[in-house]
Amino acid sequence: MVVAIAVIRLRDLFAVVMLFGIYSLLSAALFVALAAPDVAFTEAVVGAGISTVLMLATLAMTSRHERRPAHKPWLPLAVVTVTGAFLVYGTLDIPSFGAPDNPVHTHVAPRYLEESGEEIGVPNVVTSVLSSYRGFDTFGETVVVFTAGMGVLVLLGRGRRRRGEEEGEKRDSQGEKEGAA
Amino acid sequence: MDVLGHYNYWIVIFLMMAGLYTVISRGNLVKKIAGLNIFQTSVFIMFISFGYISGSAPPILEDGVTLYSNPLPHVLILTAIVVGVATTALGLALVVRIREAYGTIEEEEIHSQDRDF
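Those protein sequence lines, which keep their order, are chains D and S.
Residue numbers are given in the numbering used here: position 152 of the first sequence equals residue 152, and the series is strictly consecutive.
Residue numbers are given in the numbering used here: position 78 of the second sequence equals residue 1078, and the series is strictly consecutive.
Some hints here could point you the wrong way.
SDA-like, lysine to any residue: derived pairs with alpha carbons at most 25 Å apart [stated by the list, open to error]:
1. S:K1032 to D:G84
2. S:K1032 to S:D1114
3. S:K1032 to D:T62
Covered by chain S, per the in silico footprint, the following chain D stretches (three or more residues, Cβ under 8 Å) [to be verified]:
4. 45 to 55
5. 124 to 131
Looking from chain S toward chain D, a few residues come up when the C-beta cut is under 8 Å (computed) [said to hold, decoys possible]:
6. A1034
7. L1036
8. F1039
9. V1043
10. M1046
11. V1065
12. Y1068
13. S1069
14. P1071
15. T1087
16. L1090
17. L1092
18. Y1102
19. H1111
20. S1112
21. Q1113
Derived by calculation from the structure, the hints in this document are not laboratory data.
Values in this document were obtained by computation on a predicted structure and should not be read as measured data.
Even for Gly, the Cβ is constructed at its ideal location relative to N, Cα and C.
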């Protein structure tokens, strides 16, 4: 939480990115404490690793400092406080933390835990659910990642090419001038 | 029903609102994306805390362990983390393109340039 506040307060974007990596790593540790080691691995590698590298690459291509915001922050702060208060009010009807009779635990999860060992033969239930019972989800995920990768390539590639063409034209005109001289 | 048993949701809501505040109040586009990521991580924490039962073991089948945490939220969040990074990459690529087109990544300056145009 403290790290999150620091991420908001700081204006030096480089420090923001570093703190964001720390925040991801801390949430990975929290996932270990909540008995979810698979998620913790993914968060540590992907959230703390790849995201940080991507953000650093963006900073390298753009600027490092943030300007002072022009508006007073009172309106957003009020909106956020009101929304948060409603959400806190909403949690009062949710089953409390760690309760075994939470509706989440009474639907398909017991079946996964009881039968997947025999049906799939992999001791890690997360793996067998991910790649067998919900294989189409994982397929959809790879499609999303592929589409995003294509989008990034199209966005960045077009800029490069246009700049390359402009430089090429400049070079051509310079060549003509030199030829005329 | 004890009220304090919901403290995990309150932490999640605090983080979520911190992310939302960053998105709507800050003009810098990289900062906005960092705010979106904070928001996203708060949702991850919410799902994982749904799946936890007090004193439960990780969902890896073992002899002699009877109480496992729920594997289904873990699977969903694994997918969500990877998709989240993909969307973050797309957003950052857009920021780089905006920087190439406008020469700035501050929302105010982009707006004023649009008005002049």
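Does the CB of A1034 (chain S) sit less than 8 Å away from some CB of chain D?
holds (5 Å)
Quick check on the hint: Y1068 (chain S) CB to chain D CB, less than 8 Å?
It holds, given that the least Cβ distance between Y1068 (chain S) and chain D is near 5 Å, below 8 Å.
A closest beta-carbon separation below 8 Å is what the hint needs, so does V1043 (chain S) meet it against chain D?
violated (11 Å)
Sort out whether T62 (chain D) lies within 25 Å of K1032 (chain S), counting only the CA atoms.
holds (15 Å)
Going straight from one Cα to the other, do K1032 (chain S) and G84 (chain D) come out at no more than 25 Å?
holds (19 Å)
Should the interface hint for V1065 (chain S) be scored as holding, given a Cβ-Cβ cut-off of 8 Å against chain D?
violated (10 Å)
Using 8 Å as the Cβ threshold, decide whether H1111 (chain S) counts as touching chain D.
Given a least distance of 11 Å, the restraint on H1111 (chain S) is violated.
Interface hint for L1036 (chain S), Cβ within 8 Å of any Cβ on chain D
For L1036 (chain S), the interface hint is violated, since the closest Cβ of chain D sits about 11 Å away, which is over 8 Å.
Would you settle whether the hint for S1112 (chain S) is holds or violated, based on the nearest Cβ-Cβ distance to chain D being less than 8 Å?
At 11 Å from the nearest chain D Cβ, S1112 (chain S) fails the 8 Å test, so the hint is violated.
Does the nearest C-beta of chain D fall within a distance shorter than 8 Å of the C-beta of M1046 (chain S)?
For M1046 (chain S), the interface hint is violated, since the closest Cβ of chain D sits about 10 Å away, which is over 8 Å.
Within 8 Å of chain S's CB atoms, at least three CB atoms from the stretch 45 to 55 of chain D: coverage verdict:
holds (count 6)
Could you check if P1071 (chain S) really has its C-beta closer than 8 Å to a C-beta on chain D?
Holds, because the Cβ-Cβ distance from P1071 (chain S) to chain D comes to roughly 4 Å (cut-off 8 Å).
In the structure shown, a violation is registered for the earlier hints numbered 7, 8, 9, 10, 11, 18, 19, 20, 21, in ascending order.
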